[in-house]
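Work the whole structure out from these sequences, hints included.
Going by my numbering, the sequence shown opens with residue 1, and the numbers climb by one from there.
Just so you know, the hints here were simulated from the structure itself, not pulled from any lab data. Treat the hints loosely; a few may be bogus.
Unchecked claim - DEER-style ranges, computed between Cβ atoms:
| no. | residue 1 | residue 2 | range |
| --- | --- | --- | --- |
| 1 | 31 | 56 | 19 to 25 Å |
| 2 | 25 | 54 | 32 to 38 Å |
| 3 | 13 | 53 | 18 to 24 Å |
| 4 | 3 | 31 | 28 to 34 Å |
| 5 | 50 | 13 | 14 to 20 Å |
| 6 | 1 | 24 | 31 to 37 Å |
| 7 | 5 | 55 | 15 to 21 Å |
| 8 | 16 | 50 | 28 to 34 Å |
All C-beta atoms in this analysis are idealised placements derived from N, C-alpha and C, irrespective of residue type, glycine included.
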Amino acid sequence: MRKRLLVALVFCAAGLAVAIPLGERLGYGTAQSLIACGAAGAFLGYVISIFLDIFLTNSHTSETEH
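Below, the structure is given as structure tokens:
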């Protein structure tokens, strides 16, 4: 869970970094673009971390069932 939140936080920071130029290009205000890009970045980061967790983890565990 901590890894997912960390990845979401990194993507949120990336979204905030592009928020002002993207908001100006799309005609949004500063507050609207910061909120929208930050939330979108956090959401994408969380979803990507879930997919990476599914596809990169080993599906075969070393535990034996008794």
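Hints, verified against the model:
no.: 1; hint: 31 / 56: 19 to 25 Å; verdict: violated, 37 Å
no.: 2; hint: 25 / 54: 32 to 38 Å; verdict: holds, 34 Å
no.: 3; hint: 13 / 53: 18 to 24 Å; verdict: holds, 20 Å
no.: 4; hint: 3 / 31: 28 to 34 Å; verdict: holds, 30 Å
no.: 5; hint: 50 / 13: 14 to 20 Å; verdict: holds, 19 Å
no.: 6; hint: 1 / 24: 31 to 37 Å; verdict: holds, 36 Å
no.: 7; hint: 5 / 55: 15 to 21 Å; verdict: holds, 19 Å
no.: 8; hint: 16 / 50: 28 to 34 Å; verdict: violated, 21 Å
Going through the hint list in order, the structure does not satisfy hints 1, 8.
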